[in-house]
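For the protein sequence lines, the chains are L and P, in the order given. Using our numbering, you'd call the opening residue of the first sequence number 13 and step up by one each time. Using our numbering, you'd call the opening residue of the second sequence number 7 and step up by one each time.
In short, the hints are calculated from the structure, not lab data. Please note that a few of the clues may not be correct.
Straight-line C-alpha distance at most 20 Å; calculated SDA-like pairs for lysine to any residue [unchecked claim]: (1) P:K30 / L:F58; (2) L:K80 / L:S61; (3) L:K17 / P:K30.
Simulated coverage check for chain P against chain L, where a stretch passes if three residues somewhere in it have a Cβ under 8 Å from a Cβ of chain L [as the list claims (entries may be wrong)]: (4) 48–61; (5) 107–115.
On a predicted model such as this, the values are computed, not experimentally measured, just so you know. Just so you know, even glycine gets a beta-carbon here, dropped at the ideal spot from N, CA and C.
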Amino acid sequence: DQQVKQNSPSLSVQEGRISILNCDYTNSMFDYFLWYKKYPAEGPTFLISISSIKDKNEDGRFTVFLNKSAKHLSLHIVPSQPGDSAVYFCAASETGANNLFFGTGTRLTVIP
Amino acid sequence: DAGVIQSPRHEVTEMGQEVTLRCKPISGHDYLFWYRQTMMRGLELLIYFNNNVPIDDSGMPEDRFSAKMPNASFSTLKIQPSEPRDSAVYFCASSLRPYNEQFFGPGTRLTVL
Chain L
13 DQQVKQNSPS LSVQEGRISI LNCDYTNSMF DYFLWYKKYP AEGPTFLISI
63 SSIKDKNEDG RFTVFLNKSA KHLSLHIVPS QPGDSAVYFC AASETGANNL
113 FFGTGTRLTV IP
Chain P
7 DAGVIQSPRH EVTEMGQEVT LRCKPISGHD YLFWYRQTMM RGLELLIYFN
57 NNVPIDDSGM PEDRFSAKMP NASFSTLKIQ PSEPRDSAVY FCASSLRPYN
107 EQFFGPGTRL TVL
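This is chain L alone, in the form it adopts within the complex:
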């Protein structure tokens, strides 16, 4: 059973606008969350992470928000650029565990 879910398989956004990618999880023990970006024919690359002691982490145009009570996190990209077009994977882990649980990914297309 998927413990990390990305319910939107795809998202299209105009260049310069905000992209919001969503992720839900079911395991309340998860306390560390990551976003990965994947271009075609390449492996996923780490983008940004957040610990459960925070509710927001920002890195340039990328901000991740965590709502622990709702078991929900989101990635905001502002402003969106065509180079951001990729598949974005949400991942979660539990301190003391040794692996990440990934969602199914959301394909973001930024239209010039």
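Got chain L; can you put chain P on it based on the hints?
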């Protein structure tokens, strides 16, 4: 560092044949992970190693799949015999710590006819 290296990048084989995928992790990384990417399940963890020792292989689909890590710089994932439903992209990743940032290789696209 060259990053995580995987070979081959593409593999096309016929049902029933043995397939071996190879991975060289980033030097100094103690953890190595094998994933399979499918549309339905996203990135699925198959197995991971810590200091060359398999720790959790609960994600390995069935006995046809096996993985080894004979030393810190090399790992293999073997499928024998292969079936069409094994067609997917297989990724290897390595990390310094288990649940932090993992570095992925470019993947091996496997097609079983």
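Original post:
Does K30 of chain P pair with F58 of chain L here, judged by a C-alpha cut-off of 20 Å?
Top reply: Holds, because 19 Å separates the two Cα atoms, which is no more than 20 Å.
Original post:
Holds or violated: the stretch 48–61 of chain P covered by chain L, criterion of 3 or more residues with Cβ-Cβ distance under 8 Å?
Top reply: Check passed, 7 qualifying residues.
**OP:** Take a quick look at whether K80 of chain L and S61 of chain L sit within 20 Å of each other, Cα to Cα.
**Re:** Measuring from Cα to Cα gives roughly 15 Å; hence the hint holds.
Original post:
With a Cβ-Cβ cutoff of 8 Å, does the stretch 107–115 of chain P contain at least three residues near chain L?
Top reply: holds (count 7)
Subject >> Pair hint K17 of chain L and K30 of chain P, alpha-carbon separation not exceeding 20 Å >> reply: 30 Å, violated
Figure legend: structure checked against the earlier numbered hints; the only hint not met is number 3.
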